[in-house]
Every structure is written in C-alpha cells, then in structure tokens.
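*Asks:* The residues making up each chain are set out below.
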Amino acid sequence: MNLEKVVFGFFVVLAATLNFGFFLGDIDDPTVHNRYELFAAVVVNLIATVLKFGDRTQLGAVHLATSLVADLQLIAAALLLGYAAYISTAGLTASTTASIVSLSGGALLANLVSVVLLVVETASFHRG
Amino acid sequence: MGNPLLLVWWRLLAWDDDGRRTSRPPPPEVAVPHAEASAPVFLVLRRMRAPLIVLIVVFAVSVLGLTLVPGEDAAGRPWRMGFFDAFYFMSYTATTIGFGEIPYPFTPAQRMWAMASIYLSVIGWAYAIGSLLALLQDRAFRAALALQHVTRKVSRLGEPFLLVAGYGRAGELLGHALDRLGRRFVVLDHANERIDDLELDSFHADIPALAGDARDPGHLAVMGLGSPSCEAVVALTDDDEANLAVVMAAALLRPELPVIARATSAAMAERMRAFGSPTVVDPFDSYGDHLCLASRAPATYRLLTWLEGGPGAELPALGHPPREGRWVVCGYGRLGRSLAADLRAEGLAVTVVDPGPGRADEDADDDLVVGDGVDPDVLARAGVRTAVGFVAGTDNDTTNLSLVAAARRANPGLFVSARQNRPASAPLFAAMAVDTLLVPTEVVAREVYAQLATPLLWRFLREMPRQGDAWAAELVERLTALCGRHLEGLWTLPLTPRAAPALGSWLAGGDARLGDLLRNPDDRDRQLHALVLLVVRDGQATLTPGADFLLAPGDELLLTGWAAARRALTTTLTVDSVREYVVSGNRVPAGWLWRRLSRDTRAPEPAAGRRRG
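Residue numbers (our numbering), protein chains in the order written: chain A, 1 to 128; chain B, 1 to 613.
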C-alpha cells in the first residue's frame, strides 16, 4: 500500500462526491443546495488539482486537465453565487440557482472522468 | 510503461489482428529529449505541491471559520459573515495589506479567529515563497534550466555549426581560432568549471555550452547532433574512451557527418576507424612526423607550422634538426615509442632511456638504457656526449626540464626537443629555449583547425611536402615579402557564377590569366596584396600557380593576403565594369545612364534598334 496513492485517490473521490452532493436536488430550489458544500467542493477540487501537478505521463496530463475543468466550473458557480447573494438586486432567484447547479453539474462530469481515469489506472496496474 | 490507456488500446488492437499490428514501432531517430526540455516546469510543479496544498488548506480553514464565527451587524443584531466577505477579508489579510474589519466591526470571537488566521496564513506564505526560492537555488533545477536554455539556443542556431565535445586546452585554442574565422560552434564538456570559463571568455559569437557527459548520446543530441545545421563533430576530450564514444554516436546516428577525434594511442585510433571514416588526430604520432619532416625539410616544416598557426601567427624560426647521427629519447611512453619508430624509419639511430625496465621488453631493442634520465651517470651511459639530438618526452614537466638542463650540460651542441604537459609550464620551457617544443594540446588544436578552416588548406598542407624544400623556402620568402611576418587571412574562392558573377564571359573566353585577376581595381598596374596558394580543378590540385596560369569556370582557389585585397577582389568578381578595367584596362561606365550614353556614341546602331523594338 502506498500512502501517496491513498491520499491521491481520497481527494479525487472526495472531490467527486462533494460535487455530487451539491448537485443533488431540485435544480432551481436554493434551499436544497448548501453553499458550504459548494465551498468544500471548491477547496477539495483545488487540492486534488495540486496533487496532480508534475506528473509527466499521458494519463497524468489528462488527470490534470479534468481537474482544471472541474475547478473552472466550480469557481464559476461560486462566483455566480457570490454575485447573486451580494451584488444582484434580485437576490438568489430560481434561475440563478439553476445556473449555479448546472455549472456544478458540468464540474461533476469532469470529476467523474477523473474517477474513471483513476479506476483505469488501478485496473491496468499489474504486479511484477 | 507510462501510459496504461495506450497499453490497453494496444493490446486490444493486437488481439484483433496480431499479424500486423504487433509489429515493433520504428526505432526513434536521434533521441532528442523533448521531455527533458520542459523539465523545469515539471520540477517546479512537483516541488510546489506541498506548499500549495498548505496554502489552500490555510485559506479554506480561515474562510470557513470566518463564516461560522458569530458576529454582529451595525445595529447589534446577530450576523454571520458570508463567503464573499470572508474570502475578501482573508485575501487582504493574508497578503498583509489589511484594510480593517468589514463590513461591520468584529466581535471578540471574530477577532480571535482572525488572529489565528493571520498567523496561519503568514506561515503558509512563508513556506510557499521559501520553497520557491530554495527551488531556484537547487542544483538539479539549475541544471534542468541550463539544459532547456541550451536546447533552445542550439535549435534556433540557423547557421552551420560544429559540435565540439571536450573543452580542454585544445578545445579552447580551436574555439578561438574558429571564432576568428566567424564559424559557429557548440561545446559540450563534463566539467562545470570549463563551461563557466567559456562563458566568461570573450567570443564574437554566442557559444551554446552545456556541462554534460559527451559519452551520453542524449547530450550530443541536445547539442544538435541531429540538427541539419550540424556540419561536423569534433571529439577533443582528454579521455580516449569518451572520444571513442563520441565517434561511435556520430557514426551510428549521423553517418554522413565528418568526425575529427583525438586519440593518444594507435590502438585507440584503430578502434575509432572501425566506425565510419573519422579523421583521427594523434598528437604524439604527428609530432614524430613533424620532427622527421623538420629534419628532412626544415623550410617545408616552417611553412607548415606557419599556415597551421592560423591568421595572425608569426613566422616561426627556421630550425635545423640534425639530419644524421644518433638521438637519445628519454621516456619510452606513447610519445617515446612513436618518436623512436619515426626516427628509425628516417634511418637515424636512437637510444632510449627509460626508468621502467619492463616497459620496452617486447622490442628487440639493443639501444635501451634502463635508468632515470636525470641521473648524469645514466645519461653518460646513453651516450649523450656523442648524440646529436635529445628528446625529453616524459609526462612530467619538472622531469623534462631537468632532463633538458642535464643533457645541455653534458653536450652543449645538442638539438633539444621537449614535451610540455601543462599550460602553466609554458614560461619555463620558453625560457629554456628548447629547439622544438611539443605541446600535445596545441598540436591537436592546430591540426583540427587546419582540417576545419577550409578544406583547401588541408589539401594544400598534404600536397606541400612533395614540392620540395627549396620551393617551400621560396614560398615563405614570397609570403613575407607580400604580407610581412604575420600570417594574413586565408580564404577560399570558387569561380562559380554565384560567387563570381562578373567573371562568366571572361573565364569562358579561354584566356583568363590569374595574374590579370589579381590586379588592383584602383590601378591595374599594381598587384593586389594576395597570393594564390592552390587551385583545384576537377580534383586536381596546382600549388602556387604563376601569373600565366589559365583559369577555367568551376576552379576553386585558396588565397592568402590582406583583408583589403580580399575586398578589392570581391569587387572585381561582382562588378562588371571593374572586372573589365582590371582585365583589359578599358574604363567602362558603371551606371546605367552613362553606359547607355557611351554605347550610343560608340555603337549607335544596335542601341537605336533596341529602342525601336
């Protein structure tokens, strides 16, 4: 067992699960989408991205790319949330919530690709 | 296998149709390590993982805490900070800008948390910046950076260049000579200090240099072995094995490239010649040849060393090594063996002095005196009193100097030759005024220079000994009368339509005399200060052709002379009116208008006709 692999797998999967948790629920209902969960998803995604830095294999490059996509989407969602809560006069409406959740849904897709890559990597690893 | 996805794909394909698709991929070409070129970025990313994660965690914990700690708004009602405000507060606090407490003054609980956040974030930043600075100082990182830098410089080198592996004394001498000629080269040496010296040295051109092992084909590839602009490879390291490795790499990866390598033994030279056809320079062997040439034809030898010295070299003194008699050679190492064999081949008797009794046992050598040459008794036994020549050829400069002194004391009339191993000993040998001095690195540098400078010079130097000593003496006379005692520049001139566009009709006329070409464009009664050393036509060489030599299109000329003469000659070659004046003495107008006018006065018919048509 390799501790580095454990940490790596942990963060990749946690990023996907947190993302999924935020995404779950009615798309335009702000009450079922917790902003703390979005915050946690952003932070864990950033950590997962940094963990993928510096890997020179092809697989590592795709890993990094998916994480960057997820970061981009989640940060866009967080910015949108901030705009709606602080700047917009209309506040957090149903349509803004839908945009935020759909952005996080995109990030969820990228995170799922990341998890698939992780599984492929593990499956193709052969001992000896 | 760094790529499991591809591996899976590959296997799937292989199962599909294992006849064709499992065939091996083609072998890579010269391994240009592109991955190495981007190494610094990966190094930074890899090393910065931990600091960046620490920063992210510090920020996340601080921001989360700020949103959770209870606060009060302006009216004193309970209030909690949002993520946006919390992140804003942390951003300016962590970067030590500090705008204060917003949007409402903090409660004591919030202040406590903010205080903890401040210390945490300062530690996080200090760690991240410290890691980055440490990385910049890191040796591995700097090496990766230098490699990338050199790779980029070499790949951008558009002009033809030479790859010089080994920048010792010989490499340095060669480098300066090439630089004076305006040739580009790149340098690979395993010693960091030599690369630093090179970077501090003053060259006209920018010399890409890398500290790396010449035995590694990857390093050779970085230095442009695979580049189409690379025109030759020179292996000058002080390690024969490394030189052999360079010869091998060049012969296997770029078989068409000319290779020049230094070797210090005949066996190594043979091993090198097994790979393609490298030119092997053996300083000891060529010194023996030079010494024999000097004793047989002193003027030829003088001319040879002068021309090999490169532009600016001073005319060497005419030596008079004895033609007959007995030589005493001290030191029967690589130099001693080679020299003794050469001298014996010339018909001279040789007595060898060597301290090691076992070293010369395989030679059926009667004239071997075992003992330390510094001992006067041993020198007496070797017969220094009756000898004509003496060679101090050990690999120790102190020993050589004392050998020279001892031999001179025993026999003041001796012709003394010595070997200088270290550059630092040069003043001592100069003060000793030995008759011929062997500096192996200089011999190598000169020979390699003569081969690389212009192909015609090398041709000339090889043809020259056949012309005889009197011819060489006369040529030295002519050269000194023309240009003085310092050698002027050498240049090659092909009489092609491209290089000499104005000569076409004159050359085709069949009466193109060399003497006419070398007239001064300002006053054709004076000759240019230039001398043609060699004319090559269809592979046939003519040395120092006279003024009546008839030139033909396609001839290649090797000239030496003043830079001004070279410029004047270029004018003759490219400007029709100048060529006309130089060759025939007719002043022809150069401008279009004057030519048109003068043609009208001289030959109105065709001009008028052309105008109508």
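If you're looking for bench data, these hints aren't it; they were derived computationally from the structure.
Quick caveat: nothing in here was measured; it's all calculated off a predicted structure.
Glycine residues also receive a C-beta, built at the ideal position from the N, C-alpha and C atoms.
Treat the hints with care, since some could be wrong.
Output of the computed footprint for chain A on chain B, the stretches with three or more beta carbons under 8 angstroms from beta carbons of chain A [stated by the list, open to error]:
hint, region
1, 51–58
2, 229–243
Quick partial rundown of chain B residues pointing at chain A, CB under 7 angstroms, derived from the structure [claimed, not checked]:
hint, residue
3, LEU45
4, ARG46
5, CYS292
*Asks:* Could you work out which earlier hints the structure fails to respect and list their numbers in ascending sequence?
*Replies:* 2 and 5
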